Amino acid sequence: MDLPQIESVASPRSRDSLPPWRDDAAWLAGGTWLFSEPQPALRSLVDLSAMAWPDLEPSASGLRIAATCTIAALEAFRSPADWPAAGLFGQCANALLGSFKIWNMATVGGNVCLSLPAAPMLALTVALDGVAWLWQPDGGERFLPMADFTVGPQRNSLRPGELLRAIDLPASGLRRRAALRQASLTTLGRSAALLIATLDESGGFALTITASTIRPMHLAWDSPPSSDELDARIQALLAETWFDDVHGTPAWRRHMTRRLAAKLHQELLA
Amino acid sequence: MNVAMDADSLATLKFGIGQPVPRKEDPTLLQGQGRYTDDISLSGQLYAVIVRSQVAHGRILSIDTETAAAMPGVLGVYTGADLVAAGFGLMPKGLAFKNRDGSDMAKPDQLPLTTDFVRYVGDPVAFVVAETQMQARDAAEAVMVDIDPLPAVTEPALAVEPGAPQLYPNVPNNLILDYHYGDAEGVAKAMSAAAHVTKLRIRNNRIVVAQMEPRSAIGEYDPATDRWTLRLGCQGVFGMRQMLSSVLGAKTGNIHVLTGHVGGSFGMKASLYPEYLCALHAGRALGKPVKWTDERSDSFLSDSHGRDHDFTAELALDEDGKFLALRLNGFGNVGAVMSNSTPQPSTLNAVKNSIGVYRTPLLEVNTKIVFTNTTPVGPYRGAGRPEANYYMERLIDTAAAEMGIDRIELRRRNHIAADAFPYRTPSGNDYDSGDFPALLDHALALADWDNFSTRRTESRKRGKLRGLGVGQYLEVTAPPGAEMGGIRFEPDGAVTIITGTLDYGQGHATPFAQVLSNQLGVPFDKIRLIQGDSDQLIAGGGTGGSKSIITSGGAIIEASGLVIDKGKKIAAHVLEAAEIDIEFSGGRFNIAGTDRGIGIMELAAKLREGMQLPPDMPTTLDVAHIYKGAPSSFPNGCHVAEVEIDPDTGETEVVRYSMVNDFGVVINPLLVEGQAHGGIVQGIGQALRERVVYDEDGQLMTGSFMDYCLPRAVDAPSFAFDAHSVPARTNLLGAKGCGEAGCAGALPSVMNAVVDALSEFGIRHIDMPATPEAVWAAIAAART
Amino acid sequence: MSKQHVTTTINGEPAEFLAEPFMSLLDALRDEMHLTGSKEGCGSGDCGACSIIVDGRLVCSCLMLAVEAEGHEIITIEGVANGDELHPVQRKFLEHAALQCGYCTPGLIVATKALLDRHPNPTETEARYWLAGNLCRCTGYDKIIRAVMDAAAEMRGVTA
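Protein chains in written order, with my numbering: chain A, 4 to 273; chain B, 39 to 822; chain C, 33 to 192.
Take the hints with a grain of salt, since some may be wrong.
[As the list claims (entries may be wrong)] Once the Cα atoms are required to be at most 35 Å apart in a straight line, the calculated DSBU-like pairs of lysine-lysine come out as:
#	chain 1	residue 1	chain 2	residue 2
1	B	499	A	266
2	B	666	B	644
3	B	502	A	266
4	B	145	B	666
5	B	131	B	360
6	B	326	B	136
7	B	326	C	35
8	B	499	B	62
9	B	564	B	502
[Stated by the list, open to error] Looking from chain A toward chain B, a few residues come up when the C-beta cut is under 8 Å (computed):
#	residue
10	43
11	154
12	186
13	189
14	193
15	249
16	255
17	262
Hints were generated in silico from the structure; no laboratory data involved. Values in this document were obtained by computation on a predicted structure and should not be read as measured data. Note that CB positions come from ideal geometry on N, CA and C, so glycine has one too.
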């Protein structure tokens, strides 16, 4: 839809030419959320596509995903054979509401920064121990573990004027075995629960729960838990953790989470 | 009583009746050349944006329009007071129903734009007109509406309670109508004496119509001719003109309503909406066309919603399972404002459509029609017919389970027999035709009913439950009223049908042309349709209630007869023969027993060229006829659905769907099948997916396609479709209206299948929508 | 607010228009270029009625800024037929009566073309999944899918 209050769109080509931050500005990558809802508070957009950040930069230490990398580009990434967790990319793309049309425009950065409970890119980057590379408005930068990025529904740790430049997925995470399970009230509807489980060579097991919880919950064990232990840990989560909206009540979301976790346990550890 | 056409004598020409002719309008639509209202741009047009209430109930303290009025490009900011000052009257007040005590139903005054109270989120209170859409939107944000909020009520059962928020001063307890039909005493006796009574509380969930084209209108006024012109999507320009006439206080001759392509409606666009009056008012005040187009987020609030009934249904049976009586008690939610079909769906349509195909000697319906602080409820595909069929079909399956009688057998025991027609029902219908037992057999065979258990075993191997459900429905289509049958032979050699029905996807142009081609032998390709220009109509019942083929079809047939009469006179003169010796067949006027004749198109061309005719002879073949109409028809059918349910997650999928329908004589099977498919998927949406949620403050929580889940291509099965046609005896075509039948068959077949799948847990009923969560919760509850 | 001049290619022809920064590409197509075939059904990317093809990728034009069209190649419904000759997808929709009100149809035709250009031999399940981003309230999808499968077969040169 049109955003009638927008007065200017800047298209900087480098960090130096980023305009000074304003409260009524927003970073624009794919725009798939920005343009889908009225934005009465916004007056200017900073279009990041001209920054021309490389979508994906693999190296020995891992994979750098630009914030402007589209979901489609991530899904199309041909990963090295020793990064089995990259198989999640396609599965997380499929979990995105809508269809291929959305993938072509929606970005990893946009999905993560919106911080909706059902944000597949959030689940992906938390599960694989991603680290956010943030540019600060004063020229500095900081690195923030994705596990600490989101604090609640549509609330994250970004400070005013900060720009997500990229998310780094370490090779150690990418080398893990990984599996994903998702549930929603309708076939292609917003996820009610989206879980990712990973298992590394030394037996470290982790479960990342999103969509059914108000923010990603990352549960980790040094050695593989039994299915009962896994279930108990989920049941021990505080009642307030479970998300409640028209896409699922807490009770059903909790049930689906436990069920999906059991399936993931079976897939990776049986 | 009219005699139906003999199916055998109908031409089997390529474009004749019964042929699967592709649609005339499709090449245009397929190339994106359709002309929907928002596609039209008139020179000098201005843009209107509506300001709507953001609270569900409150007193309007003030509306400050000054800031908005001063903004760039803004030419006017108007409120309800301006419309009153302009002489606009009250909005149409629904139908004239009586309370059980004989008094009239409540009909509070409703202004186009409210001036005192807001009564639902989305209630329009002001509008801005500017040179561009953006300027209008900006300014709309600057209109300050000061509302003193009041408590809101969204449930009819709560709205009728003492102490509930009152929406209208003269409608105590928000009760518009306390409706009663039937033999209360007889039903009560039957219930108490019955061997068995099955009782179910059934909610028929509220639906957002969600047609793909948002509403749009362009309003203008020409002072030189004192004429209003309104371009919009609707369901009948003649009726819309009539409604406008009463609100504008103008003669119908001073109002011109034009409709081009309409992107879906399903009943919703039939009403007169306040935004249309806004566009007209601004058009007159500013002397330019004013265009308004709804945004989808507003459509969710402003388009009337559908259904929303809440009933307790009871069926009394004797020890052999024969139906003795049916009783319905419940609520129909009106929303905050009456629509022009209020209160029919959950009252009269419940009466007419609940007996269905079954002998049921006694019937009673009690409905309380109630205002709530929600979006107004209007007609939606079937408008009470699918709901009513649903109650009976769910009662039957439940009674079967309770009494230990096979549910198919229970239906057979109660079918109205094939030789029982005409059959008078306790609802006052005279069914004219049908073969319900044979149709059921046909449907079960098509559905491969006998091998269901094999499929169920296979589903179980995959960890899934499988259920099978039947929905045998009968709909009473709207009683057709007067309809125009106009036939005009054009200068360019085309022949135009002029009629006052109006399609929004049904594809009238083709079947109407098939009928005309069949009657007059006019080449199919030469036939055009005018349906959306009120200036050309002398009658027009609009489209709704599945009656268009009967009314327009009948009108075309009668008008064709008049054309032939005229043609015979003129042909006799041209051929220098006696009129009595002129026959008409295959498009030609022939002297009987000879090969001397003249084709109808040739005759029309001759008339155009100018012919010397004796004084008392018709000078044109053109006809403008009013067809009086025919009684309701009774389309019926049997749908069979199979669902698979994952018991761990509650996920439910329709995996197989078969249907056999009796639509009487079918003019175009290609289109009729499409109508059935569409209605079924709407039914599947209602049964399994679509959920409207209001919070306690009356805020709509499901106000976008992300939150309100319409069926998508992955949610729909493919369909097996067969016809079991028994020609209707009460209209000229022998047709039975098919447009709404899909919903009527889908709701019961799908939900009966769901309950069948869940029956091993002892679950006897579950309400729609049976979302995964609802199914899971039902299983969880049953297991404790 | 200054309008920006946008130069792009639409349906194989160079095109240019003025657009305000806030304007969606959908509105630019409809209001500036008078290509009203693409429709606004929701404005939020959920219904697909605005589907167009940009540089070979299927996108929702309601979710793109008009200014983002600069330098790209755009195909709309108006560019699918070859002059007066309907595309096989359009012909099959016609034969199967896979449209009713027609409002979702341009988006569906464009989405189907995008599907078959990439995947000439989809299964029915794949076709339903690919087209799941296009809402239709009228047809129930059955005839649409049959038309798509039939068109795919014809375009592959096999008799269906």
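Subject >> chain B contact restraint for residue 154 of chain A - C-beta distance below 8 Å >> reply: 23 Å, violated
**OP:** Take a quick look at whether residue 326 of chain B and residue 35 of chain C sit within 35 Å of each other, Cα to Cα.
**Re:** OK: residue 326 of chain B and residue 35 of chain C at ~26 Å, within 35 Å.
Subject >> Proposed proximity, residue 136 of chain B with residue 326 of chain B (alpha carbon, max 35 Å) >> reply: 44 Å, violated
Subject >> Satisfaction of the residue 189 of chain A interface hint, Cβ to chain B closer than 8 Å >> reply: 4 Å, holds
Original post:
Are the Cα atoms of residue 564 of chain B and residue 502 of chain B separated by 35 Å or less?
Top reply: 55 Å, violated
Original post:
Between residue 666 of chain B and residue 644 of chain B, does the CA-CA distance stay at or below 35 Å?
Top reply: 32 Å, holds
Original post:
Between residue 502 of chain B and residue 266 of chain A, is the straight-line Cα distance small enough, at 35 Å or below?
Top reply: This hinted pair holds, its Cα atoms lying about 16 Å apart.
Original post:
Do the alpha carbons of residue 499 of chain B and residue 266 of chain A lie within 35 Å of each other, as the hint requires?
Top reply: 18 Å, holds
**OP:** Report holds or violated for the interface hint on residue 43 of chain A, using the least CB-CB distance to chain B and a cut-off of 8 Å.
**Re:** 7 Å, holds
Original post:
Taking only the CA atoms, is the gap from residue 499 of chain B to residue 62 of chain B under or equal to 35 Å?
Top reply: 49 Å, violated
Original post:
Any CB of chain B closer than 8 Å to the CB of residue 255 of chain A?
Top reply: 4 Å, holds
**OP:** Identify whether the interface hint at residue 193 of chain A stands, where standing means a beta carbon of chain B within less than 8 Å of its own.
**Re:** 6 Å, holds
Against the hints set out earlier in the document, violations occur for numbers 5, 6, 8, 9, 11.
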